[in-house]
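J.: Start from chain A and add chain B according to the hints.
These protein sequence lines are chains A and B, in that order.
For the first sequence, the positions run 1 to 107 when the numbering used here is used.
For the second sequence, the positions run 1 to 112 when the numbering used here is used.
None of these hints come from the bench; they were simulated from the model.
This structure is a prediction, so every number in the text was calculated from the model and none was measured.
Wrong hints could be hidden among the right ones.
Unchecked claim - Interface residues of chain B toward chain A, partial, derived using beta-carbon atoms under 8 Å:
(1) Ile55
(2) Phe91
(3) Gly106
A virtual CB, placed ideally from N, CA and C, is assigned to each residue, including glycine.
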Amino acid sequence: KNEVEQSPQNLTAQEGEFITINCSYSVGISALHWLQQHPGGGIVSLFMLSSGKKKHGRLIATINIQEKHSSLHITASHPRDSAVYICAVHSGNQFYFGTGTSLTVIP
Amino acid sequence: DAGVIQSPRHEVTEMGQEVTLRCKPISGHNSLFWYRQTMMRGLELLIYFNNNVPIDDSGMPEDRFSAKMPNASFSTLKIQPSEPRDSAVYFCASSHRNYGYTFGSGTRLTVV
Chain A
1 KNEVEQSPQN
11 LTAQEGEFIT
21 INCSYSVGIS
31 ALHWLQQHPG
41 GGIVSLFMLS
51 SGKKKHGRLI
61 ATINIQEKHS
71 SLHITASHPR
81 DSAVYICAVH
91 SGNQFYFGTG
101 TSLTVIP
Chain B
1 DAGVIQSPRH
11 EVTEMGQEVT
21 LRCKPISGHN
31 SLFWYRQTMM
41 RGLELLIYFN
51 NNVPIDDSGM
61 PEDRFSAKMP
71 NASFSTLKIQ
81 PSEPRDSAVY
91 FCASSHRNYG
101 YTFGSGTRLT
111 VV
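For reference, chain A alone in the conformation it holds in the complex:
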């Protein structure tokens, strides 16, 4: 059983569409992270959340601690948003990773 489940695994969208990626987890957490990995391989930390909602540009991340669920939203998607998005949770001394959502935004 995976401690972190992401959906969908793959997502293709037209430029401009609103995108949602979901993350559910089964452990108690102190923080949840959203990471972005571009085709070149570099990883960028987008958000670290322990409650509520954070916004950065066109990206919004929310977390519901009671439901053990987080969402990453991308508004007005753009081809440069094409990447793999990874959800990770910090639980005690452990880190658990989702398998990632591969997003392709078509012009």
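T.: Showing chain B alone in chain A's frame:
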């Protein structure tokens, strides 16, 4: 700030050889993480340090792997002896308390 600096970017070595990966975290960050990424297993945390002290190394796959952080500005991950199944991209990341992580560019290791 140059970010988290990893070296080398690429390493090709023969099975049985010792491999040392290096990481310089961002100045002022008090946590440092070593991750491994493979197609089969995705991202895995190997070990992390808080204030130079190893906190959890349960992700280190075998005794062949060891990591050190002799000071706040430098860490190494060593594999001895290396095996083909160690081939992966190894990422180092650093963070400060409640702030997000900054990842290095990774070291792509190929063991032949």
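J.: Return the numbers of the hints above that this structure violates; sort them in rising order.
T.: none
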